Structure formats: C-alpha cells, structure tokens
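Residue numbers (the numbering used here), protein chains in the order written: chain R, 1 to 269; chain D, 1 to 269; chain Y, 1 to 269; chain F, 1 to 269; chain B, 1 to 269.
These are computed hints drawn from the structure, not numbers from a lab.
Check before you lean on any hint, since a few could be wrong.
[Unchecked claim] Below 25 angstroms or equal to it, Euclidean Cα-Cα: the simulated SDA-like pairs (lysine to any residue) are:
id, chain 1, residue 1, chain 2, residue 2
1, F, Lys177, Y, Arg162
2, Y, Lys177, D, Glu193
3, F, Lys177, Y, Leu250
4, Y, Lys177, D, Val70
5, F, Lys177, B, Ile260
6, R, Lys206, B, Pro130
7, B, Lys127, R, Glu196
8, D, Lys206, R, Lys3
9, D, Lys177, Y, Val128
10, R, Lys3, D, Ser122
11, B, Lys177, R, His194
12, R, Lys77, D, Asp170
13, Y, Lys177, F, Met169
14, F, Lys177, Y, Arg172
15, R, Lys177, D, Arg189
16, B, Lys77, B, Arg91
17, F, Lys177, R, Trp135
18, F, Lys77, B, Lys127
19, R, Lys127, D, Glu238
20, R, Lys77, D, Arg189
21, D, Lys177, B, Glu176
22, B, Lys206, F, Lys177
23, R, Lys77, D, His131
24, D, Lys177, R, Glu196
25, F, Lys3, B, Glu176
26, B, Lys3, R, His194
27, R, Lys177, D, Val70
[Stated by the list, open to error] The following residues of chain B were derived to be distant from chain F, with all beta-carbon distances above 12 angstroms:
id, residue
28, Pro49
29, Leu64
30, His66
31, Lys67
32, Asp69
33, Trp135
34, Glu138
35, Ile139
36, Pro156
37, Pro159
38, Arg172
39, Glu175
40, Asn178
Owing to the predicted nature of the structure, the values given are computational and were not obtained by experimental measurement.
Quick reminder that beta carbons are idealized off the backbone N, C-alpha and C, glycines included.
The residues making up each chain are set out below.
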Amino acid sequence: MDKLEGLPAVPLTLEGAGVLHQMFRVRWPAWRALSAAEREAIVDAAAAPLGAMEKAGSAMFSLLGHKGDVMLVHFRKDFDALIEIEHCLARLRVWDYLELTSSYVSVVELGLYESSVRLYGSMGERKVAPHSPEWDAEIAENMQRQRAAMQPRLFPEMPPHRFICFYPMDRRRGEEKNWYQLPMTERQRQMQEHGEVGRRYAGTVKQIISGSIGFDDWEWGVDLFADDPLVFKRLIYEMRFDEVSAVYALFGSFYIGRRISRLAELLSL
Amino acid sequence: MDKLEGLPAVPLTLEGAGVLHQMFRVRWPAWRALSAAEREAIVDAAAAPLGAMEKAGSAMFSLLGHKGDVMLVHFRKDFDALIEIEHCLARLRVWDYLELTSSYVSVVELGLYESSVRLYGSMGERKVAPHSPEWDAEIAENMQRQRAAMQPRLFPEMPPHRFICFYPMDRRRGEEKNWYQLPMTERQRQMQEHGEVGRRYAGTVKQIISGSIGFDDWEWGVDLFADDPLVFKRLIYEMRFDEVSAVYALFGSFYIGRRISRLAELLSL
Amino acid sequence: MDKLEGLPAVPLTLEGAGVLHQMFRVRWPAWRALSAAEREAIVDAAAAPLGAMEKAGSAMFSLLGHKGDVMLVHFRKDFDALIEIEHCLARLRVWDYLELTSSYVSVVELGLYESSVRLYGSMGERKVAPHSPEWDAEIAENMQRQRAAMQPRLFPEMPPHRFICFYPMDRRRGEEKNWYQLPMTERQRQMQEHGEVGRRYAGTVKQIISGSIGFDDWEWGVDLFADDPLVFKRLIYEMRFDEVSAVYALFGSFYIGRRISRLAELLSL
Amino acid sequence: MDKLEGLPAVPLTLEGAGVLHQMFRVRWPAWRALSAAEREAIVDAAAAPLGAMEKAGSAMFSLLGHKGDVMLVHFRKDFDALIEIEHCLARLRVWDYLELTSSYVSVVELGLYESSVRLYGSMGERKVAPHSPEWDAEIAENMQRQRAAMQPRLFPEMPPHRFICFYPMDRRRGEEKNWYQLPMTERQRQMQEHGEVGRRYAGTVKQIISGSIGFDDWEWGVDLFADDPLVFKRLIYEMRFDEVSAVYALFGSFYIGRRISRLAELLSL
Amino acid sequence: MDKLEGLPAVPLTLEGAGVLHQMFRVRWPAWRALSAAEREAIVDAAAAPLGAMEKAGSAMFSLLGHKGDVMLVHFRKDFDALIEIEHCLARLRVWDYLELTSSYVSVVELGLYESSVRLYGSMGERKVAPHSPEWDAEIAENMQRQRAAMQPRLFPEMPPHRFICFYPMDRRRGEEKNWYQLPMTERQRQMQEHGEVGRRYAGTVKQIISGSIGFDDWEWGVDLFADDPLVFKRLIYEMRFDEVSAVYALFGSFYIGRRISRLAELLSL
C-alpha cells in the first residue's frame, strides 16, 4: 500500500511572478503607408515606455514563422501589473500597427514534489489529519520557508540568452492514462527522472515553468532560453522519451524567437 | 444492487437567472482615429445605459490576454432580458468599436444530487412509479420548496470581488469513462467529494455554476470571483485531482479579468 | 441469434421538406454609417421578399450570443427552392450588411425503426431475399403508405413558439462504441426508449428532425421549438442519460434564438 | 495463414485525371458597389475563358449554405493543367470579387483490390520475389492493360447531372481499428461488399473517386452526381452501415451544389 | 531482455541547415488596383533580393489549391540567417501584397538509428555508464565523424525537380500505441523497413527530413521533390502500410507546388 494513500493528492506549489506572453503580427501595409517621418515619430514615442517595460522585467523577441513577427514576454509581481502593461500598450500609437495574434497568461511556479512526499509522509506517519489546523500550520510554515529560499527562482530576472522557445502544455487525462490519478509517489518519481535530463542541460538552457490552470487554456507554460536554438530541440527531444512526457505530456503551439532590444530593429523599412 | 436502479437518472435541478457572458476586443485603430471629442461623446452616451445595466445585474471586466479586452457578464431574470441587452448594446455608437470575439449563454443552476438520491430512494422504496402523477407531484412539491429556500443562490447578486475567472466545461462521455452512465449514487458521491474541496475555499472564492445544455457548446459554465487571482489556480488545481474532475471533466477556454466600473477606464487614450 | 441478422442494416427512412438554416452577423459599423433614410429604404425593400419567404415556410430569430445576430430557418419542398432563396437574398441590398457566419443544409426525416424491424422481420421469415424485386416492391408499398400518412410531419408548418434551439449531431462511430455496428433491434430499442422521454415533453416542445448525411458536416439537425427556453435544457439534459445519447450522440454547436417577425426589430437604431 | 502474407500490402492503383475543386464566396458588397455596366463588363470578360474551361473538363455549381456561393470542379490531364487554370482565373477581373474559401487537390483513382489479390496471390504461389524485376514486370504489364481498358473511367467526362455532392475522407488508423493493418484479402472483402451497395445505385448516381495522399489533407475525395439530391443521402446512409464505412471511414466537410452554366446566373443582381 | 534496456532512448541525431517554409496568398484586389507601371516597379524591386535568396538556398513554388498561391522554401546555415530572410522580405514593397497564411520552422535532421543501436550496444557491453565523460566522449567522436561524412545531406542543395510536396508529421503517443515507449531496437527495425520503401523510389524522389521539436507544432517536416507529382502519392501511399506509418504516423496539412523562377510568373496580369 502506498504510504501516502488517503492524503491530499495535490503537490505543494509555490507561485511567483505573473507572466504575460503577447504575440503580434505587424500590419505591414498600414505601416508602410505612413511617411518615414510618421513612422519615426511613432517608434520614438514607443521607445520610452517599452524601455521602461524592459527595465521592469520585459523582453522583446523577433519570432520565426507566420505565428507572429514579435513576441513580448513580461514578468511582473502580480496580475495587476500585467493589466497595467496591456492598458499602457493600448495607449501607444504603434499599437494600431500591431495585431495581437495570441497570448499566454500564467504565474511562475515551482512544484515541490519531493517536499510534498516527505512532508505529507511525515505528517501521515504522525497521524496529523489532512486539513486540520495542525496540518495547515505545518504546511504553511514549510511553504513560507521554501518561498523565502526560492525567491530568485519565483521572481526571475529575464535570462540574457539570445533565443527563446515558448510552448504551453497539459498533463494527459486520458481514459486509461491519467496523470491526475497516479499516486503522488509515482508522479514524484517521474518528475525526478524528468528533472535529471534537465539538469544535464543546465549550463546551456535556462528553463522557467509557469502555471496557468484557471488563467489560460493549457495547464502550464514553458519558457526555454539559450544562445544556440538547437539545444531546445535536443533537450525537448530527449525529454520526450521520459515516461512523464512520452505518456502524460500534451503540447500546444511552439514559438521560437530571437531577442531584439528595440522595436525599430523590426519596424525600420 | 443499486437501490436507485430503474429510477430516473437525471438529478433534480433548479434553474435561476439567465446568464450572458460577452467578450470583446476594442477596434483600436478605428477608435484612435476619432477625435478626442468624438471619443468622449461616445463614451458619455454609453455611460447611462451601461450604468443601468450594472444596476440591473451586469459587471464589466478588463480581460488579460488576446481573447479580448473586455468581458461583460449579465445576470437577468430570463432570456428575454438578455436579448434586450443585446439589442440595447447594438444601438450604442461605441458598439462599432467593439468586436464580439466570444460569448456564453447559460442559466444559473443548482444540481440537487443529495436530494435526488434521498427523494428517488424514498419514492422507490414506497413503490411510487416514476413519472406517475404521484411521482411528479412529490417532485414538484420538493423542487418548489427548495427553489424558495435557494432563491438568493438562484438569482445571485454580482459578487463584489476584484477578479473573475470564467470557463465552460463538459462531463466526459468517453468510450469507457462515461459520466452519464454512472449510477446516480456514484455521481452523488463524487460531487460531494468535489464540494468538500470547494467548501475549504468558501471564504476566498465565490462560485456560480450555470447550465448551458441546449443553449451553448459546453454543458456548464463556471464563474469564480476572488480578490486574489492566485486562489483560482489553487482551487482548480486541487480540484483537478478529484475523481469527478480528473476523469470526467473536459474544459473549454479560460478567461481571467479584473473588474472595471466604467468603459472609460479602458478606452481613454 | 438476432432474427434480423443478414438483413439490411439501414432503417426505412422517409424524407420531406428541404431545410436551410442561415446564421448572420450584422455588419453594425457599415449599417450605422448609412443615413436613417437609407437604412429605412433598405429595410423597406427587404420587407416584401422576406414577408413572402415567411409565408412560404421561413422564420426569423434573434440569436443569443456571438454566433450571430439573426438566424433564418427555411422549410421548402426541395433543394431547388432553397437555392432560389439564397439567390433571392443575395439580390437584396440588406445582404451587404449581413455576414453569413454559419448555415445548415438538411431534409426533414422520419426514421422508421419500428416499421423496419417489423417489415424486415416479416419478410425475413417469409424468406424474401433482400433487394429482390419482391423485397423492393414490398418496401416501396410500405413507404408509400407511410409517406402519405405522415405528410404533415414530413412537410411541417413553422411551429408558432417564441423560442428555437438548433443543433447538429452525429451517431458515434468509436473504436469500441459504434452505433452503425449495433444490430437493428438494439438500435430500435434505444430509439424507442429515447422517444419515450420526448413524448413526456410533447405538450411543451415541438421537435423537427432533419437528416444531413451527404448534405452537411453532421448526420442530423435537431430543431426544438418552445415558448419557455428552459424546457430545451430540461429535455436535452434528461435525454443525455438515455443510452442512445449518453453513449452514441456527438453534438455540434447549439444556437438559441427568439422569433422576430421583421428585420426592422433588429436593425432599427 | 493468409496466402498473401509477406507480400506487398499496397493495392494496385491506377491514376487518371488531375482534379481541382475550388469553393468561392462572392464578395457581395464590393460587387454590388460596381455599376451595372462594370459588372456586365466583368462577367462578359470572364465568359470566354470560363466557357473554354467548361469545354476542357470543368463545371460550375451553385453551392447550398455558407461554405461558399460557387464551386468549380476541374478534371484535367495533369497538375500542370490545373496550375494553368489557377493562373488563368487569377488574371480575370472577376477574381477580385470571389474569395477562395476552400479547395481540394486530387487525382482520379481506381483501386484494383480484386486484381491485386489475384495477381499477388498468383505470383506468390509461383514464388516470384516481391520487387524483383520479374515481379515488377508482371505488375507493369497488368497495370498497362487495365489502364488501357479503363481509360474512360480514368479520364472521365463531367457527368451531366444537375446536382453534385463532394466530400473528402480518410481510412481510420485508430489505436485498435486500423485499416492499414488489415490483411489485403480482408480489405478486398470489405471493399467488394461496399461496391455492391454502390452498384444498386448505379442508375441514379455517378461516382468518381480521386486519391489525394500527398496532395491534400485527406486521403480521398468523393464526387457524386445525380439529378435528385436525395439519393446522395440514401446512398451514403446505406453505405455507412457497411463495415468499411462504419468502422474505417472518417469524413471531412460535405459540399452540395447545383450545376449552373454561366457565372451570370449567380452574379446578376 | 533487450540488450539496450536501461540505456538512453533518444537516438543519435545530426542537425544541419535551418529550414523555413513560408506560404503566401496574393492580395489580388489590392495588387490589381495598382497601375501596370507600379506593379512592374514593385516586381522589379523584388527581383534582386529574391534572386540573391535563390542563390543562397531558397526556391519559389506556385501552390495548388486555396492554402496559398506561392510557397518559399529556404535552407540556410542557421536560424539567424532565416530571421534575416524574414526581415529582408518585410522590407520589400511586394510584401504588402502577400499574405502569410502559414509557415514551418525546422532543421535538416538525420536520425542515426542504426548507429545508435550499434554504439549504445557496444558501450553497454563494455559497461560504459550512460552520460559519463567516457560515454559522452565516445558519442561526440562518433557524431563528429558522421557529421563530416554527411555534410552534403545535412546542408543540402535545393533539389532541381519541378514539383514539391511538403507536410509536417508527428509520431503517435496514444494511450496504447506510443512510439516513444517502444524499445530502440524496435524503432530501429521499423525505421529500417520504412527506409527500404524509400530506397526503391530513390531515383525519382528526393526526400529531405527536418526536425521541428521545439520549433514548430509538429515533430518533423518532410519535403519531397520530383518531376512527376504522381510519385508523391505512390510513395506515401505505399509507405502508409509500413508499421511505422500505419500505426505511429500522424500527418498535418499537405502542400503541393510547382517550381517557378520569378515572382512575375505569378503576379503578371
């Protein structure tokens, strides 16, 4: 019998920065129809607010392919700050020349599977009743401690790498293969195996996981940053053979882009 | 043998307010092309009808992401009143600057699984034939009583919280896992387990369930209201491990927004 | 052994009126850009042809939600008459202000499962070879008789109720659960059970089934008419627990609307 | 053991005419905005090239429903000729008033299941090694002979019937039910059963099958021609109970239209 | 027991040229609205940059069907060069008359299943621990050697054939049939069988496989080049009966086009 049977199935999870991905297509005919002077004025007027955004945790990427010409990625302290970004962008004249083709709303997340197995197991042995005041207090204390220790990972700086790869994903809930019905110890085992692959790429790829249950149409968003885009393919391909990916991962659209520092890089004709 | 075998499978269900969700994108280039005076006149002309709508049970939300800039949520006594809203909005000049990107039509619903098990069980023991006049009368009397008692939940006030999370959902009818083929007592058990998770969040999240079978493309709509949007994620993630969600829930798109009181908050440039 | 084994699997089916559903969105900005006089002239010019259509078996509904502002439903003697409607509408100036967002093409249909079981069974006992002249003649005679008897249901009047609910549906052909591989007696049994639920709603809901195999993307269209739209939900929800729906029904989009008698009700500003 | 085991699984297949289906919506507001004289000039200018196309194996249909106002169907000797059609159409002024909403690219195909079973079986008995020069020569000789005999079916005339029904389809490759893993003799048996239904409709329906593996998003296209459109429904409904359709057929969108001889029938206001 | 059990499951994979497919529709009404002189000037201005692109590894195709009028295929040394192409194209005036309808981002890839089985097997027998420095060094050395030998296949010239067929594909990860859970020796066996079919077509079809995990929405892209487009159908149909395709291949949209050397071939009116 699984020692965690009868205990909560949801792992301890820490939340950090609010994250907004925005994908845009440039309305080229309308943009080109402007005089050079007007275009310059519009780009100039956007430079300061976009520069301020970048200082506050945003970055701009030139996307490859038809899904968009540019992607903005924003890390902020909460959703209020993300909504302010949207309102600020809508007030820029350049907004009329950008068509929002997609977006993703999420929150930086650390799933503490190892801690969950340990802490639930320990409280289970000590017969602490789930959701009792004692249970809740012990969990709150543990989360508080981990939240403090992991502050830099919960509110990350924008990684400095040249390339980004973003995609959303779900855990499968099939009629036979259902992630949410696996015992926690089994999920923890699979996540650990998965993490070992990631650690071998630690020097070349920076990964930021964000949770989007309740916020967007997939359960998680994954951002990878690297200077060489080929490592995205190698990492994800290798991981696809992990049980947790092979059986339980469902993927949405993939976005690949290269960092740019100013809109003018893209919009100058 | 299940004591409810051979009895009706559909649970007693109370209906209340008609509900309409409307998601809009602002046509920014056309809006910005207007003079400041025209924009002000258009917003001013919309203020009174929108204010009256709010008093009558509507609320306005600034959406996060590309699915829309604004969402209107309307609770009304019936569908006639919802149709009047649509006709009223179409007559406003601001309507020309709003593009309806999505919507959802439903009716506030309370599924009385516990009462159904109790009442069907009792009538079954007493050999009352399903759909006989006696059966129908007893059910009508029970529903009438519950409808009176639950009036405030059937015709709810718009909750005052800052954030909203809306999503539609289905119960799975897979080839092997089929909600509609489970015995009622099993469905009742799973719904009760599910409800227990919800009750632990009662202080922080207000939930309104509406039914949309026959009205829209999913079977139910779920509205969550809270001041801290992170609790949406925590609640839904925890619930996803419940059997009724893990196995039987299929989800549509998720919409997340923050309450605004006037269109001008969004449309002022 | 099933007494119908080896006999044709397709049930006897009568066809009646050609049916066309057309869903439209109003192009509000273009419409509002017209002068009041122009709008009046356009609506006036459409009044006579639309009135004639209504007399010939058409009705107009104001739709709830973003799928469209208006739905036209046409019952006609054949597809030629439906094509004439399309050509006639395209010639109206108001056509430029209506965007066709969806449609559905079908034929009123009565699936004679009971007769099929009886007739095939009787001919089977009498060793009449399927598709022999004798077989064909007996079927033709039977169909002729039923067609005459059911003329009013095959070429129905537009029901006078205030609300309509329309949706298309398929019978499931899953890898394990496959409607088209069930023996006819089993299909007949499930359809009969299904029909019993419908009969309990006979006083409040009028149902018209049309077949669309070969004509549109789903196999059947269902039109429900009632004065109280809540009965749509109650009927369909109750039916969803029937085996034939729980296991074998797949549904497309649902459209809900309220009858209007003149376009001006919708288009007047 | 199946006598064809170890032999090639792909049936002998003859290819004939290249086929292009093009579905269009008329841009009514732009078309109506032209003067009557301009419209006449544009239609006149298109009459000769469209007339020439018709002589060369094309036909025009007025579609029912929102998927398009008109469908062009072209049979030509090869893909080069189809590309010429596209370039020719794009050069017509009327092209600006037609919006291409869909299309289908395929090649008239005859799948020779019976011959394959016979020929493979015979060569298998004679121990001819698959893909050996002897094997290839015998197949080439057989195909050559059949190609000559079936020339009229491979390069068909446009049938003269009033109505067309077009739809694309796949053979299912499910996890359990997989057409491409059935033994050839089993596929041959199912295709033959299927063909028997078709033959009973031979007098009223003309069927042209085209293959689109490698050319478009489904594996086959099916064109049915008849004077009475109801026979499309009867034929396809009856076939849906065949094992090969019930279990192994997946269908795309259905298009139904009536032959027109000149664009002016549609475009005159 | 499989001798590769416990060893890495991901095959050795070589990457070469970055690949970008771009599908466009011509904005015919806007293009035709230009004067002949303007059109000529725009086409002339595009000739030099497009000519330079062709010299650098690009080709232009006239597509059949509504998915696009033209497809550009670019092979380049890396993603930076592909991004430069996008920026260069956006600066051309002709860009305003081309609507990007789809695209595909990938990297030429050679999956070395045979080498993987041999090398992993050999190191496994010698008890070299996976991911140890010794393991990594031996693999790096092997890859380096093969990369050098296969340079022409990794950075291919644009094949000179008249026709192209492009489609993306996935390997199935079903609940029961899951490519990523097969032992490597089994995957190697199926890929080898698959390759044998391809080799029989070697003289008539040139195939270039590119990997897109992490870059686009499918796992691989397949480009086929041939002078006779019918061989695409024959090759893919025959392969569809291979176990690796029948069971494990899922396909996206298919694009078929004919090489053109200058945009003017398409755009001249």
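Structure-based check of each hint:
{"no.": "1", "hint": "F/Lys177 to Y/Arg162", "in the structure": "46 angstroms, violated"}
{"no.": "2", "hint": "Y/Lys177 to D/Glu193", "in the structure": "30 angstroms, violated"}
{"no.": "3", "hint": "F/Lys177 to Y/Leu250", "in the structure": "20 angstroms, holds"}
{"no.": "4", "hint": "Y/Lys177 to D/Val70", "in the structure": "42 angstroms, violated"}
{"no.": "5", "hint": "F/Lys177 to B/Ile260", "in the structure": "42 angstroms, violated"}
{"no.": "6", "hint": "R/Lys206 to B/Pro130", "in the structure": "23 angstroms, holds"}
{"no.": "7", "hint": "B/Lys127 to R/Glu196", "in the structure": "21 angstroms, holds"}
{"no.": "8", "hint": "D/Lys206 to R/Lys3", "in the structure": "34 angstroms, violated"}
{"no.": "9", "hint": "D/Lys177 to Y/Val128", "in the structure": "42 angstroms, violated"}
{"no.": "10", "hint": "R/Lys3 to D/Ser122", "in the structure": "40 angstroms, violated"}
{"no.": "11", "hint": "B/Lys177 to R/His194", "in the structure": "21 angstroms, holds"}
{"no.": "12", "hint": "R/Lys77 to D/Asp170", "in the structure": "34 angstroms, violated"}
{"no.": "13", "hint": "Y/Lys177 to F/Met169", "in the structure": "20 angstroms, holds"}
{"no.": "14", "hint": "F/Lys177 to Y/Arg172", "in the structure": "15 angstroms, holds"}
{"no.": "15", "hint": "R/Lys177 to D/Arg189", "in the structure": "23 angstroms, holds"}
{"no.": "16", "hint": "B/Lys77 to B/Arg91", "in the structure": "22 angstroms, holds"}
{"no.": "17", "hint": "F/Lys177 to R/Trp135", "in the structure": "50 angstroms, violated"}
{"no.": "18", "hint": "F/Lys77 to B/Lys127", "in the structure": "62 angstroms, violated"}
{"no.": "19", "hint": "R/Lys127 to D/Glu238", "in the structure": "22 angstroms, holds"}
{"no.": "20", "hint": "R/Lys77 to D/Arg189", "in the structure": "40 angstroms, violated"}
{"no.": "21", "hint": "D/Lys177 to B/Glu176", "in the structure": "16 angstroms, holds"}
{"no.": "22", "hint": "B/Lys206 to F/Lys177", "in the structure": "33 angstroms, violated"}
{"no.": "23", "hint": "R/Lys77 to D/His131", "in the structure": "58 angstroms, violated"}
{"no.": "24", "hint": "D/Lys177 to R/Glu196", "in the structure": "34 angstroms, violated"}
{"no.": "25", "hint": "F/Lys3 to B/Glu176", "in the structure": "29 angstroms, violated"}
{"no.": "26", "hint": "B/Lys3 to R/His194", "in the structure": "23 angstroms, holds"}
{"no.": "27", "hint": "R/Lys177 to D/Val70", "in the structure": "38 angstroms, violated"}
{"no.": "28", "hint": "Pro49", "in the structure": "23 angstroms, holds"}
{"no.": "29", "hint": "Leu64", "in the structure": "5 angstroms, violated"}
{"no.": "30", "hint": "His66", "in the structure": "4 angstroms, violated"}
{"no.": "31", "hint": "Lys67", "in the structure": "8 angstroms, violated"}
{"no.": "32", "hint": "Asp69", "in the structure": "7 angstroms, violated"}
{"no.": "33", "hint": "Trp135", "in the structure": "35 angstroms, holds"}
{"no.": "34", "hint": "Glu138", "in the structure": "38 angstroms, holds"}
{"no.": "35", "hint": "Ile139", "in the structure": "34 angstroms, holds"}
{"no.": "36", "hint": "Pro156", "in the structure": "20 angstroms, holds"}
{"no.": "37", "hint": "Pro159", "in the structure": "16 angstroms, holds"}
{"no.": "38", "hint": "Arg172", "in the structure": "8 angstroms, violated"}
{"no.": "39", "hint": "Glu175", "in the structure": "7 angstroms, violated"}
{"no.": "40", "hint": "Asn178", "in the structure": "9 angstroms, violated"}
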